[in-house]
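The listed protein sequences derive, respectively, from chains A and E.
Anchor point for the first sequence: position 48 equals 48 in the numbering used here, and the numbering is continuous, going up by one each time.
Anchor point for the second sequence: position 147 equals 147 in the numbering used here, and the numbering is continuous, going up by one each time.
Note that these hints are calculated values from the structure, not bench results.
Just so it is clear, the structure is predicted and the values come from calculations on it, not from any experiment.
Some hints here could point you the wrong way.
As the list claims (entries may be wrong) - Covered stretches of chain E, going by a simulated chain A footprint (3 or more residues, C-beta under 8 Å):
(1) 54-67
(2) 86-100
(3) 130-137
(4) 280-287
(5) 300-314
Unchecked claim - Calculated lysine-lysine pairs in the DSS-like style (CA-CA distance at most 30 Å, straight line):
(6) A:K553 x A:K428
(7) A:K465 x E:K127
(8) E:K202 x A:K620
(9) A:K547 x E:K232
What the hints assert, rightly or not - Sample of chain E residues with no beta-carbon within 10 Å of chain A, all distances over it, derived:
(10) G46
(11) K83
(12) Y160
(13) A185
(14) G187
(15) T210
(16) N247
(17) D248
(18) C349
(19) G380
(20) K417
(21) R466
(22) L471
Glycine residues also receive a C-beta, built at the ideal position from the N, C-alpha and C atoms.
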Amino acid sequence: SCMSTLVISVILPLQVHVKMADEAVCVGPAPTSKSYLNMDAIMEVIKKTRAQAVHPGYGFLSENKEFARRLASEGVTFIGPDTHAIQAMGDKIESKLLAKNAKVNTIPGFDGVFELLSNCSPLLGYPVMIKASAGGGGKGMRIAWDDEETREGFRFSSQEAASSFGDDRLLIEKFIDNPRHIEIQVLADKHGNALWLNERECSIQRRNQKVVEEAPSTFLDPETRRAMGEQAVALAKAVKYSSAGTVEFLVDSSKNFYFLEMNTRLQVEHPVTECITGLDLVQEMIRVAKGYPLRHKQADIPINGWAVECRVYAEDPYKSFGLPSIGKLSQYQEPLHVPSVRVDSGIQQGSDISIYYDPMISKLITYGSNRAEALKRMEEALDNYVIRGVAHNISLLREVIVHPRFVQGDISTKFLPEVYPDGFKGHKLTDLERRELLATAASLYVAEQLRSQRFLGTARIPVAKSKRSSWELSVRLGDGIYPVAVSKDGSSFSVEVDGMKLNVTSEWNLASPLLSVTVDGTQRTIQRLSRNASGDTNIQFLGTVYKLQILTKVAAELSKYMPEKAAEDTSSILRSPMPGAVVAVSVKPGDTVSEGQEICVIEAMKMQNSMIAAKTGKVKAVHCKAGDTVGEGDLLVELE
Amino acid sequence: MFLALTLLLPIPVSNRKKNKRILSEKSEQAAHFLFPLICCSQGPSGKLTARERILLLLDPDSFDEYDMFVEHRCSDFGMDSNKNKYPGDSVVTGRGRINGRLAYVFSQDFTVFGGSLSGAHAQKICKVMDQAAMVGAPVIGLNDSGGARIQEGVESLAGYADIFLRNVLCSGVVPQISLIMGPCAGGAVYSPALTDFTFMVKDTSYLFITGPDVVKSVTNEDVTQEQLGGAKTHTAVSGVAHRAFENDIDALLNLREFFNYLPLSNRDPAPVCECHDPSDRLVPELDTVVPVESTKAYDMLDIIHSIADEREFFEIMPSYARNIVVGFARMNGRTVGIVGNQPKVASGCLDINSSVKGARFVRFCDAFNIPLITFVDVPGFLPGTAQEYGGIIRHGAKLLFAFAEATVPKITIITRKGAVQIIFRGKEANAEAEYVDKFANPFPAAMRGFVDDIIQPSTTRVRICRDLDVLASKTQSSPWKKHANIPL
Numbered sequence: 001s002c003m004s005t006l007v008i009s010v011i012l013p014l015q016v017h018v019k020m021a022d023e024a025v026c027v028g029p030a031p032t033s034k035s036y037l038n039m040d041a042i043m044e045v046i047k048k049t050r051a052q053a054v055h056p057g058y059g060f061l062s063e064n065k066e067f068a069r070r071l072a073s074e075g076v077t078f079i080g081p082d083t084h085a086i087q088a089m090g091d092k093i094e095s096k097l098l099a100k101n102a103k104v105n106t107i108p109g110f111d112g113v114f115e116l117l118s119n120c121s122p123l124l125g126y127p128v129m130i131k132a133s134a135g136g137g138g139k140g141m142r143i144a145w146d147d148e149e150t151r152e153g154f155r156f157s158s159q160e161a162a163s164s165f166g167d168d169r170l171l172i173e174k175f176i177d178n179p180r181h182i183e184i185q186v187l188a189d190k191h192g193n194a195l196w197l198n199e200r201e202c203s204i205q206r207r208n209q210k211v212v213e214e215a216p217s218t219f220l221d222p223e224t225r226r227a228m229g230e231q232a233v234a235l236a237k238a239v240k241y242s243s244a245g246t247v248e249f250l251v252d253s254s255k256n257f258y259f260l261e262m263n264t265r266l267q268v269e270h271p272v273t274e275c276i277t278g279l280d281l282v283q284e285m286i287r288v289a290k291g292y293p294l295r296h297k298q299a300d301i302p303i304n305g306w307a308v309e310c311r312v313y314a315e316d317p318y319k320s321f322g323l324p325s326i327g328k329l330s331q332y333q334e335p336l337h338v339p340s341v342r343v344d345s346g347i348q349q350g351s352d353i354s355i356y357y358d359p360m361i362s363k364l365i366t367y368g369s370n371r372a373e374a375l376k377r378m379e380e381a382l383d384n385y386v387i388r389g390v391a392h393n394i395s396l397l398r399e400v401i402v403h404p405r406f407v408q409g410d411i412s413t414k415f416l417p418e419v420y421p422d423g424f425k426g427h428k429l430t431d432l433e434r435r436e437l438l439a440t441a442a443s444l445y446v447a448e449q450l451r452s453q454r455f456l457g458t459a460r461i462p463v464a465k466s467k468r469s470s471w472e473l474s475v476r477l478g479d480g481i482y483p484v485a486v487s488k489d490g491s492s493f494s495v496e497v498d499g500m501k502l503n504v505t506s507e508w509n510l511a512s513p514l515l516s517v518t519v520d521g522t523q524r525t526i527q528r529l530s531r532n533a534s535g536d537t538n539i540q541f542l543g544t545v546y547k548l549q550i551l552t553k554v555a556a557e558l559s560k561y562m563p564e565k566a567a568e569d570t571s572s573i574l575r576s577p578m579p580g581a582v583v584a585v586s587v588k589p590g591d592t593v594s595e596g597q598e599i600c601v602i603e604a605m606k607m608q609n610s611m612i613a614a615k616t617g618k619v620k621a622v623h624c625k626a627g628d629t630v631g632e633g634d635l636l637v638e639l640e
Numbered sequence: 001m002f003l004a005l006t007l008l009l010p011i012p013v014s015n016r017k018k019n020k021r022i023l024s025e026k027s028e029q030a031a032h033f034l035f036p037l038i039c040c041s042q043g044p045s046g047k048l049t050a051r052e053r054i055l056l057l058l059d060p061d062s063f064d065e066y067d068m069f070v071e072h073r074c075s076d077f078g079m080d081s082n083k084n085k086y087p088g089d090s091v092v093t094g095r096g097r098i099n100g101r102l103a104y105v106f107s108q109d110f111t112v113f114g115g116s117l118s119g120a121h122a123q124k125i126c127k128v129m130d131q132a133a134m135v136g137a138p139v140i141g142l143n144d145s146g147g148a149r150i151q152e153g154v155e156s157l158a159g160y161a162d163i164f165l166r167n168v169l170c171s172g173v174v175p176q177i178s179l180i181m182g183p184c185a186g187g188a189v190y191s192p193a194l195t196d197f198t199f200m201v202k203d204t205s206y207l208f209i210t211g212p213d214v215v216k217s218v219t220n221e222d223v224t225q226e227q228l229g230g231a232k233t234h235t236a237v238s239g240v241a242h243r244a245f246e247n248d249i250d251a252l253l254n255l256r257e258f259f260n261y262l263p264l265s266n267r268d269p270a271p272v273c274e275c276h277d278p279s280d281r282l283v284p285e286l287d288t289v290v291p292v293e294s295t296k297a298y299d300m301l302d303i304i305h306s307i308a309d310e311r312e313f314f315e316i317m318p319s320y321a322r323n324i325v326v327g328f329a330r331m332n333g334r335t336v337g338i339v340g341n342q343p344k345v346a347s348g349c350l351d352i353n354s355s356v357k358g359a360r361f362v363r364f365c366d367a368f369n370i371p372l373i374t375f376v377d378v379p380g381f382l383p384g385t386a387q388e389y390g391g392i393i394r395h396g397a398k399l400l401f402a403f404a405e406a407t408v409p410k411i412t413i414i415t416r417k418g419a420v421q422i423i424f425r426g427k428e429a430n431a432e433a434e435y436v437d438k439f440a441n442p443f444p445a446a447m448r449g450f451v452d453d454i455i456q457p458s459t460t461r462v463r464i465c466r467d468l469d470v471l472a473s474k475t476q477s478s479p480w481k482k483h484a485n486i487p488l
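All chains, please: the whole structure from these sequences, using the hints.
And the structure:
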């Protein structure tokens with residue numbers, strides 16, 4: 001029975017969350033510094049709407065102690081922990097000390113500053129991590145696997161720390177190799193009660209951002225789970241935590257776990273915990289904020305079934321596991337018709353994915369009585385998810401959840417680089433899958449051809465009815481060209497590929513974004529993303545988009561005589577690999593650049609990307625300047 | 001009536017044998033060009049032969065060839081020797097089917113005297129055009145000709161005159177499409193120019209009055225063939241060609257698809273194809289597509305794609321005068337012509353080029369019973385000396401004229417600014433659905449009845465489909481006239 005007021009940057013009346021809220025108020029233009037991080041503006045709205053409480057969501061001001069303090073001073077309830085808990089957990093050294101005092105496992109190491117370490121690393125056991133005390137951004141950070149490396153690392157790190165931060169003090173910690181990222185959800189009230197709501201495994205990450213999360217973890221046994229849960233609760237109690245929070249741990253292969261940090265807010269991946277425990281975390285947070293005691297006892301917290309969450313991003317997974325993509329969602333359909341699927345999103349068909357925010361499209365959560373069921377549903381949900389107009393990472397997500405290592409639970413934070421050392425390249429078709437894809441594509445082509453001869457109404461000159469029942473086609477897929485013979489067999493097609501006959505049936509609704517096709521008894525949901533008269537067809541099959549060209553045999557024979565169009569020499573031009581803003585241009589026409597030299601910097605979605613010269617040469621023309629907004633594929637710089 | 005087929009049967013046996021021998025010899029000679037799939041005589045140039053082109057354009061086994069045995073009649077310059085005679089001469093003509101629908105075709109054969117136009121060649125083309133006009137089916141010309149047959153002199157030139165006359169007589173009677181697949185220079189360019197649509201093949205086709213050599217000697221201008229009359233020039237700069245395609249195959253396959261949008265003649269209604277896209281589909285993204293800020297641009301193509309059947313839109317002149325978008329789409333299966341201002345380019349203003357582009361497209365649609373759907377968001381005509389000196393008044397008037405003259409169903413949707421909406425809607429236009437974003441104010445116009453309704457953007461498709469169903473029976477007659485006098 002709460003009235004909700006939503007603060008929002010630019011209000012678009014048909015955004016999902018705007019529609020759901022009772023009232024929406026604009027706090028400023030799209031850049032976050034002017035809107036969602038603009039405390040003054042938000043305080044103003046709070047006053048104006050006479051809000052009694054504020055839920056800060058995640059990100060932005062959710063862990064900002066100043067914001068919490070200002071709310072408190074205005075007598076407005078912050079739906080989250082107290083200021084001192086935010087502060088204590090926000091400081092790395094303080095939180096580690098607090099955790100240690102609360103008897104939480106912390107990463108072994110010298111807490112203080114040390115000068116010479118020859119004696120300390122054996123105590124920790126190799127490998128060790130040497131960090132600059134004042135460090136950040138990986139500067140002054142080194143991993144050492146033996147004494148020799150430790151001495152060397154010490155020297156380099158202290159030099160680097162001195163030059164980067166003017167402070168050569170170093171820390172040393174045990175380095176947890178190949179860790180898993182497992183976190184415990186805690187829920188505490190203002191009356192000293194605290195619960196642990198089991199764990200979430202968030203090991204599948206790219207660039208330290210989570211991609212796939214699940215609850216529970218395949219790795220934890222009940223003892224470890226309880227030990228971690230109890231330590232998390234101990235920590236929460238030690239800082240007099242109230243509201244929902246998350247204690248993150250690194251877990252090594254021997255199930256040793258070490259406190260990493262505590263997030264004093266709701267986590268993006270909280271739905272998986274809600275699925276297996278049946279608790280509504282946001283509702284509980286509001287109750288706690290209101291001062292109610294917790295309704296549950298630790299013994300009441302179940303693990304019912306299994307839940308998996310995939311973060312669906314508007315990004316191109318083929319470029320370092322995900323470079324942001326922007327654009328308008330020309331078509332968008334969530335797979336809500338698949339059972340046990342939850343989709344948390346704030347967008348709909350026609351929404352823009354802009355450069356101002358995180359490129360997340362939605363959180364896709366599936367639930368099942370066991371992990372296999374949850375994963376099967378996730379597969380189906382991903383296949384049934386229609387996202388057009390922007391690049392998306394469905395292909396990567398789908399590959400991860402069906403990968404044997406993931407299915408066995410053999411994962412770590414290095415999963416992606418280990419499994420795809422040369423970068424993600426999409427699904428690799430087996431021979432059978434390739435035949436299925438070719439047969440499906442060829443059948444689609446024939447269905448389309450047949451339809452294009454069906455004119456309605458009577459014509460002055462009758463349309464000649466084709467008696468044709470078989471087609472000889474040539475399908476190009478990747479580097480291969482495959483002869484495919486299709487014959488019509490009632491409502492289905494009999495397709496011969498590689499000497500094998502496949503039976504393809506479908507309703508052949510050529511307008512539907514999702515097509516259910518059955519090939520020799522195997523049902524799959526595929527998406528035909530595009531087609532043109534030249535036979536080019538893009539089909540999303542098993543999550544990955546395949547480019548095919550389908551021609552009749554005659555056209556394919558003749559296409560051999562078509563001139564090869566010279567491809568653009570990409571080494572002498574630099575195009576923007578993604579949409580973003582040009583931060584700096586470091587060359588001007590006439591400059592000589594050497595291969596690998598930085599030419600300009602593009603910023604997109606909080607990331608700065610250095611654009612480098614692909615060859616040595618003279619700059620012919622510069623087509624951008626600092627401050628420009630560029631689109632994907634825009635020409636930036638030309639070399640001679 | 002006009003088809004005279006000779007059968008071999010009622011001839012004495014001895015003659016029959018002789019005829020048969022000649023027939024098989026000649027056929028063999030012609031067949032040399034008929035199935036040269038492997039010995040692709042135009043191979044290295046990246047061009048297909050005249051017959052290969054027909055093979056790809058038409059449905060399999062649907063081609064009925066005319067005049068395969070016609071030879072040129074020139075006897076000068078040694079042309080009467082047997083080695084200089086080719087059955088069929090330098091053009092292949094006939095009729096066939098494209099997705100089951102009738103089309104007349106001529107395909108110039110560059111391998112015979114450079115595809116040059118002899119008297120016989122012209123006569124063959126005229127024959128298919130005459131038949132097309134009488135039967136009422138489109139003419140498709142696949143142009144690949146070096147120009148006039150120099151050995152024939154005036155006879156060749158007279159041939160052009162005959163073709164031009166028929167192009168003009170057929171205009172507005174049957175759709176005429178030219179696909180330029182090789183050189184096309186001098187007087188030859190005027191036949192494509194008189195047809196309804198001119199398409200080109202990139203890198204292998206050229207259209208110009210005079211080639212680079214003559215240009216150099218007359219104006220001392222250095223220019224390449226490609227710069228002077230290549231596909232890029234004509235689709236982006238001159239506006240002579242309506243679209244360009246990657247290669248012969250790409251062009252022919254696209255032509256097949258394009259053909260499905262066209263009625264066979266002015267006696268036929270716009271074709272209706274089987275449609276899987278529900279006519280009552282709501283388009284929620286239209287509620288947000290027009291930006292809140294009235295000065296911010298958006299892409300009119302987004303709107304067009306979202307309302308059209310299966311998001312398909314065959315754009316005409318996509319690279320020329322891009323501030324107006326024209327092309328064909330289907331609504332519930334029925335072909336419609338779409339005209340839209342493009343706010344993304346020059347704010348969607350109307351200038352000389354866009355007015356002419358729009359006007360010609362509207363007149364084609366009107367001539368061939370294709371309903372018109374217009375999306376309006378226009379700040380007005382582009383001001384300035386360049387436009388005034390260029391005659392924006394005269395050229396802008398063409399667009400007014402074309403819309404006012406059109407009697408086909410016309411539906412106008414004002415997406416934002418209809419400052420000059422008077423241009424776009426004839427007072428007699430029977431139905432007009434209108435929608436506007438909430439910050440413009442459509443009410444004064446609606447209260448006076450200038451716009452018929454203010455609709456929720458997401459219902460645009462539903463409304464257009466419904467209106468088209470009703471307007472299918474629209475009849476409107478103009479007062480008798482020989483023809484109107486459009487301000488050319």
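Check on E:Y160 being off the interface with chain A, judged by Cβ distance over 10 Å: holds, 30 Å
Whether chain A covers the stretch 300-314 of chain E (at least 3 residues having a Cβ closer than 8 Å to its Cβ atoms): holds (count 6)
Assertion that E:A185 lies farther than 10 Å from chain A (Cβ): Given that every Cβ of chain A is farther than 10 Å from that of E:A185, nearest at about 21 Å, it holds.
Check of the stretch 280-287 of chain E against chain A for coverage (Cβ-Cβ below 8 Å, three residues minimum): Check passed, 4 qualifying residues.
Interface exclusion of E:K83 relative to chain A, criterion Cβ beyond 10 Å: Holds: least Cβ distance 27 Å, greater than 10 Å.
Given that the stretch 54-67 of chain E was listed as covered by chain A, double-check it with a C-beta distance under 8 Å for 3 or more residues. holds (count 5)
Since E:G380 was said not to touch the interface, does its Cβ keep a gap of more than 10 Å from each Cβ of chain A? Fine: 27 Å to the nearest Cβ keeps E:G380 off the interface.
Checking one constraint from the list: CA of E:K202 to CA of A:K620, max 30 Å. Satisfied? Given that 30 Å is the threshold and the Cα spacing comes to 27 Å, the pair holds.
Take the stretch 130-137 of chain E, compare each residue's beta carbon with every beta carbon of chain A, and decide whether three or more fall closer than 8 Å. holds (count 3)
Looking at E:R466 again, its CB stays over 10 Å from all of chain A? At roughly 17 Å from the nearest Cβ of chain A, E:R466 sits farther out than 10 Å, so the non-interface label holds.
Is the nearest Cβ of chain A still more than 10 Å from the Cβ of E:T210? holds, 26 Å
Separation of E:C349 from chain A, once the least beta-carbon distance is taken, above 10 Å: holds, 23 Å
In this structure, the earlier hints numbered 10, 16 and 17 are contradicted, and the remaining ones agree with it.
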